[in-house]
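Q: Construct the complete structure from the given sequences, taking the supplied hints into account.
Heads up: the sequence shown begins at 2 in my numbering, then just goes up one per residue.
Derived from the structure by calculation, the hints contain no laboratory data.
The beta carbon of each residue, even a glycine, is placed where N, CA and C say it ideally should be.
Each hint should be verified, as a subset may be incorrect.
[Said to hold, decoys possible] So the derived label-pair ranges between C-beta atoms look like this:
#	residue 1	residue 2	range
1	Phe18	Val113	37 to 45 angstroms
2	Tyr110	Lys57	31 to 39 angstroms
3	Gly106	Thr16	31 to 39 angstroms
4	Gly106	Leu19	13 to 21 angstroms
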Amino acid sequence: MRVIILQDYNKGVLTPFLIEAVIAEARKRRILTAVDPKKANFFAYRGVDLFKPNLKEIRDSAPFPVRPDLDSLQQASDFLRERLQNQFTMITLSEKGLYLDGGNGGKIYPTVPRNIADVSGAGDTVISIAA
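A: Pasting the structure below:
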């Protein structure tokens, strides 16, 4: 299985035109796509297979409050699927774990507490493993 990971850092490389072209080409070639979005292009990833924002990003982008509970995260996932037509939604919840929805009702996967000195790169790690 092949996958293209779009890791958006809001640096200007992933423009809406490039995002659309990569996703379209991946679909033609039957290559899965996964994205860790940022705010600037949050809704430009229409048709991506896995959409993985963090809780802050979905809170900043949804037109309703999003809480780290199952009902609220399901509402956010449904909202994203309606806008983006993505297959999977994964929302990272920091110390509360992550939420995963494949279109038939999501689930929260809790974390195991650890002493962490630096969380830099945590989103990169999650999207890589998920992809």
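Q: Hints first: check each against the structure and report whether it holds.
A: Outcome of the hint check:
no., hint, verdict
1, Phe18 / Val113: 37 to 45 angstroms, "holds (41 angstroms)"
2, Tyr110 / Lys57: 31 to 39 angstroms, "violated (19 angstroms)"
3, Gly106 / Thr16: 31 to 39 angstroms, "holds (34 angstroms)"
4, Gly106 / Leu19: 13 to 21 angstroms, "violated (33 angstroms)"
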